[in-house]
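Engineer: If you read the sequences in order, they're chains A and B.
Under the working numbering, the first residue of the first sequence carries the number 982, and numbering increases by one thereafter.
Under the working numbering, the first residue of the second sequence carries the number 982, and numbering increases by one thereafter.
One or more of the hints may lead you astray.
To be verified - EDC-like, lysine to aspartate or glutamate: derived pairs with alpha carbons at most 20 Å apart: (1) B:1029 - B:1067; (2) B:997 - A:1087; (3) A:1029 - B:1100; (4) A:1029 - A:1067; (5) A:997 - B:1054; (6) B:1029 - A:1097.
As the list claims (entries may be wrong) - Chain B regions said to be covered by chain A (calculated; three or more residues, Cβ under 8 Å): (7) 1005-1018; (8) 1088-1098.
I should point out that these hints are in silico values taken from the structure, not numbers from a laboratory.
For every residue, glycine included, the Cβ atom is placed at its ideal position computed from N, Cα and C.
There are 2 protein chains.
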Amino acid sequence: MIEAPPPSEIEVALRKFQRELSSGVVALALLAVLSRAREPMYGYQIAKTLEGFGDGVLSGKQSALYPVLRNLEGTGLLASHVGPSDAGPPRRYYAITAAGQATLREWAAAWRATRDSVDTVLEGTP
Amino acid sequence: MIEAPPPSEIEVALRKFQRELSSGVVALALLAVLSRAREPMYGYQIAKTLEGFGDGVLSGKQSALYPVLRNLEGTGLLASHVGPSDAGPPRRYYAITAAGQATLREWAAAWRATRDSVDTVLEGTP
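Kindly generate the complete structure, drawing on both the sequences and the hints.
Structural biologist: In C-alpha cells form, the structure reads like this:
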C-alpha cells in the first residue's frame, strides 16, 4: 500500500476536477436555461434558475457565470442587449440565437454519450 | 432572429466544449478503471478498457491519456513502475493508491451531483 499524500494535495486535485467538470457543463446549462426561457434573462435570474436545479457545480458563484455568458455571446450562441431595470441600473439581458439552439442540440447529444460512458465506468464505485 | 455565425465558429465551440467536458471526466474514468483492476495496467490496456465503455469522449486518442496518467501520479493518486513486456520495450504500469481510492469516492459523488443537475436542466432538450 502506497502512503497517502498530504490532504492538501487531494483537496487541490478535487478542486481542479470540479473546475474542469464545471467549465464544460456550465456553458451547456446556460444554453439549456435560455433555450427554455420565454424572454431574455439577466445574470441574476439565470443564476437563480440554475440554483433551482440542484447542488452540483451549477449552483456555484454567480460571478462565475459572467465570463461564460460573454464567451457564448462572443461565439454567436447568445445575443444580449442592455435594458432598463425596475430598480437600479440598467441590466444586460441574454437570449439564445438560432446558432445557439443548434449548438445546444449537439452539446446535449455529446453530454449524453459522455454521461452514459462515465456512469458505466463508475458502476460499482461507492 | 439573429443570423447564425459561420459554421466554423460553432465547430470550434463544440470542440472546446468536448475538450472541457473530457478533461474532467477522463481523470475520473482512469481512477475508476484502475480501482477495479486486479493488477497494475499499462497505457494501451487502459485505453482499450475505456473504449469498451462507449463512444463518448472517453474513447478518444490514446495519446491523450498519458498526460492525465502522469498528472494523477504527480498528485499521488496513482503510482507507477516500469516492468518487462512480453514483446517489445519495457512498459510503465499504473496502479491506484489509497489516496486515489479516497479521491475516486469524492469525485464520483461530485460527478453524480453534477450529472443529476445537468440532466434536469436538459429535460425537454431534443
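Engineer: Run the structure past the numbered hints and jot down the numbers of the failing ones, going up.
Structural biologist: Failing hints: none at all.
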